[in-house]
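Visitor: Chain by chain, the residues:
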Amino acid sequence: MVATPEVGPPGVGHPEAEFQTQDLLLNVGPQHPSTHGVFRMVLQVDGEVVRDVIPYIGYLHRGAEKLCETMDYRQGIGFMDRTEYLAAFNAELSYVMAVEKLAEIEVPERAQWIRMILCEMNRLSSHFMFMGAFGIDVGVFATPFIYAWKEREQLIDLFEEVSGDRMMYAYFRPGGLAWDVPANFKQRVREVLESTKVGIKDFDGLLTTNEIFRARTQGVGYISAEDAIDWGMSGPSIRASGVNIDVRKDEPYMFYDQIDFNVPTRTEGDVYARYACRMDEMWESVRIIEQCLEKMPDYGPIMPEKMPRMLRTPPGEVYLRTEAPRGEYGIYLVSEGGNRPYRLKVRSACLSNLQALKDMSVGHYMADAIIVLGSIDIVLSEVDR
Amino acid sequence: MNVDLFGGSVNVWLDAFIRLQLIVLLMTVVVMGYTYLERKIVARFNQRVGPQKTGPFGLLQAVADALKLVGKEDLRPRSADPWTFELGPYFVFIPVLMGFVIVPFMADWNIRLLELGLIYFVAVSGLSIIGWVMAGWGSDNRYALLGALRAVAQGISYELPLVLSVIALAMFAGTYNLGLIVEQQDQVPYIVWQPMTAMIFFIAALAELNRAPFDIPVGESEVAGGPFIEYSGIRWSMFQLAEYAAIFVMSIVFSSIFLGGYIWPFGEELGVGFQLLLTGAKALLFFFVIVWIRVSVPRLRIDQLMAYSWKVLLPLTLAQVMVNGLVLVNGWSEVVLLVTGLIGCAALVMITSRAVVRPRMPAMRTAPAMQGEAA
Amino acid sequence: MNGIARSLMTTFSTFLRKPVTRDYPNVHKPLPKTDRAFPLLLWDHDVDEPFCTGCHACERACPVECMTVLMKDNPNHKSLGGDSSRRKIIDKFWIDYARCMRCNICVEVCNFEAISMNNTWTGHETSVYDRRDLTMDLQQLLSQSRAGQIDEWVPVIGQANEDPAAAAKAE
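So the protein lines, in turn, are chains V, C and H.
To get our numbering, take the position in the first sequence, counting from 1, and add 5.
To get our numbering, take the position in the second sequence, counting from 1, and add 24.
To get our numbering, take the position in the third sequence, counting from 1, and add 33.
Read the hints as simulated data drawn from the structure, not as lab findings.
Even glycine gets a Cβ: it sits at the ideal position worked out from N, Cα and C.
Incorrect hints may have been included.
[Unchecked claim] Incomplete in silico selection of chain V near chain C, CB under 8 Å:
hint	residue
1	90
2	148
3	215
[Stated by the list, open to error] Simulated restraints, written as ranges between beta carbons of each label pair:
hint	chain 1	residue 1	chain 2	residue 2	range
4	C	110	V	32	25 to 33 Å
5	H	162	C	150	33 to 41 Å
6	H	34	V	187	43 to 51 Å
7	V	257	H	50	38 to 46 Å
8	C	334	V	265	50 to 58 Å
9	V	234	C	334	38 to 46 Å
10	H	50	V	67	34 to 42 Å
11	V	265	H	172	54 to 62 Å
12	C	375	H	42	17 to 25 Å
13	H	172	V	317	36 to 44 Å
14	C	150	V	254	57 to 65 Å
15	H	34	C	289	25 to 33 Å
16	H	55	C	95	29 to 37 Å
[As the list claims (entries may be wrong)] Cross-link-like lysine-lysine pairs, in silico, DSSO-like; alpha carbons within 27 Å at most:
hint	chain 1	residue 1	chain 2	residue 2
17	H	62	V	202
18	V	106	V	254
19	H	202	V	191
20	C	64	H	51
21	V	202	V	300
22	H	121	V	311
23	H	202	V	300
24	V	191	H	66
25	H	125	V	206
26	H	111	H	121
27	V	71	V	350
28	V	350	V	106
29	C	77	C	92
30	C	77	H	66
31	H	62	C	64
32	V	202	V	191
33	V	202	H	51
34	V	206	C	77
35	H	111	V	191
36	C	77	H	62
Extracted from the complex, chain V is given alone in its bound form (with noise of 0.2 Å):
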């Protein structure tokens, strides 16, 4: 562990020092422009330098879990998409490969190319915003958020096209997709990816060889992969470390063992770390849709044949976990026969990640603590669900 010194409460100070000093507590407010969502946390400064870290979370804690105890498979999906609003239709597939897993349905080909299509290009989306808020945190004025917010305006657009909806899609159902795609998909998402490749060469060129952004971002809130596993971190937070865990590799899922991508990871464990292999994941997630666009059926079935019109699965449990963008999302349902789940518990990747911030940014400044925060990649709508 990193040698996290001893803190007294606020007013002890530090009788062995030449002169007593008080530490200052600082609030970095539930309303913050860096804060990523309703986060609190109190730093326990001494000058610049941060003693301690004390977040606080549930600002956003909606009874995500309990309410979708009250609603069907169906009305549930509504619900997911809500509780990651930035990579909705991954939380959307993972409830539903759950529900398929506990009710034993098989999915078609086609619905699950064209899933796997849309998670990623949520990826894409999700990491955009990433760039964009931690371009801001260190210090950029608008220029990368505006260009995030770019290229997320194309995807979205395209997720408006397919699914209705801008941000919460209800597109998945247990079983495949609720409609099908329009007939021009393949073709407007290889425009959407030519508008993509433009914008990752944009962040690229704007943060990644910049001398001050290495110099705010590398040797900062560094965490060793033993402490990153110990914390139950996943994701890109995980991999900049040096482990190579990814759900999509170890346990692959949909059709991800049929796709020649690669996992980036890196060993230095800091803030510039994470941002690299974030940088490198959209790459491969470019790589991965154009795999698939050419791997996917033009037409096909996106429902099983036979599919009841109130879904009912039999007594049991289940834990599935996918690779969202932030890390591990895992949906632990329990069954007890009927058409509602009897639980349903979000294994949050953002909380998991989120545990670990006191470690990474205790002796660090308080500019840096910002930074680390930015790093992490939270959501705080999946943290507190």
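Could you slot chains C and H onto chain V? The hints should help.
Guide: Chains C and H in isolation, oriented as in the chain V frame:
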């Protein structure tokens, strides 16, 4: 005693007063134009359009902003120290206005061309740091205090390269009088002979103006505004006005001492109106570059910022002063200055690139255990 | 410093590109047919009455319980001298747009294809000054379809796109 003003002869005090009022008027208009221009230019850098709806092409946006700010409730925190909180904006704003005194806009048009113009300028521009501290401490807010202390550290650290680069240039020009400096540049602007001085002056000016990449006191994503947090309405806008006015005066000083002011490249025969346009064009170029840098680079952390000033800029400026001295004493050709200046610029660029090292972790003091040792 | 120079060149290159701003509200983005704004009820122009019979299927299926439905006997029914085959017809219908989460389930469960998601800009531009004005009653829900101003899209759940090769073979 009477002096000449626009053909008529008026009392010297009245003459000074009228000139000051004209400059204040010009500055207000220019600052409003700068707020509009900044938004437009930043928007274009982001592939957006910027203000469009308020007035034709959004030109009245600054007026709309001013009206909105005037109409806001003027909040004063109850626990704020009354005198420092009240007077903080004035101490930030007035030194900037005082800096306008020595700036030459056109041939024979300025407020007063002091013989020690440049010294006066750097002396006065350092005064606004007091205003930042007053605003930050008087607000009784931790974020404001942090921002104010950061501003003071930064301001003081970058005064030295600024002053020394000004001295290096004044050594070369032979005078502190801005009017004379401009007139001496009718063939070749001084940036040719003093490229490294110009670069260091530019970087130090960015830091003095609290603009990116040195805007950590006003870091919007961290301290959410710094010392200005508790100010609302028109008092807040005084800080913004001070910032833009400082950009304006710094841009004119920079173009006067390095780019040739109203003289280069067209010489003295150019009419008065065109001289003003030339000055304005150079000021706009400076502003464009400042905004361009703002939208492209992240901000430096306070320790990196101060390390850069003390360890990189200051030695190079001192070296430039020594080189200037050597050249002037020995009467060598000015080309020596050009060559050494370019070498210095290359050195600055290389050192900045190499400066990306892992920052040293601050030494962690161990605190006593909680039980039984409370002070 | 060439990293900084690269950043500067990147932003300069975007400076030279055309702005992507759309001048809303003068210009509206064309919405796809599958767009899903708030729900509205459809009007049967053949017999001049709503399709909706007030069967409560959507009300039961709604996850957020945003609908209130009341049915009545249809005065226009064939047995009473009219020309409609609907025995019951909708009497009162309220949808609270503030609760609706636009999940499309009401459209999926409707047996009569009587409700559809608004895929025009009117469905998105629903700002009001008072939150209570967001509860739409029957006349407000019917007005757009009744005036013929909507080209509704009512999907069939799980239906795949038709394969022209297979269709040609079938003929």
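Visitor: Of the hints stated earlier, which fail here?
Guide: Hints 1, 5, 22, 25, 30, 34 and 35 contradicted; others consistent.
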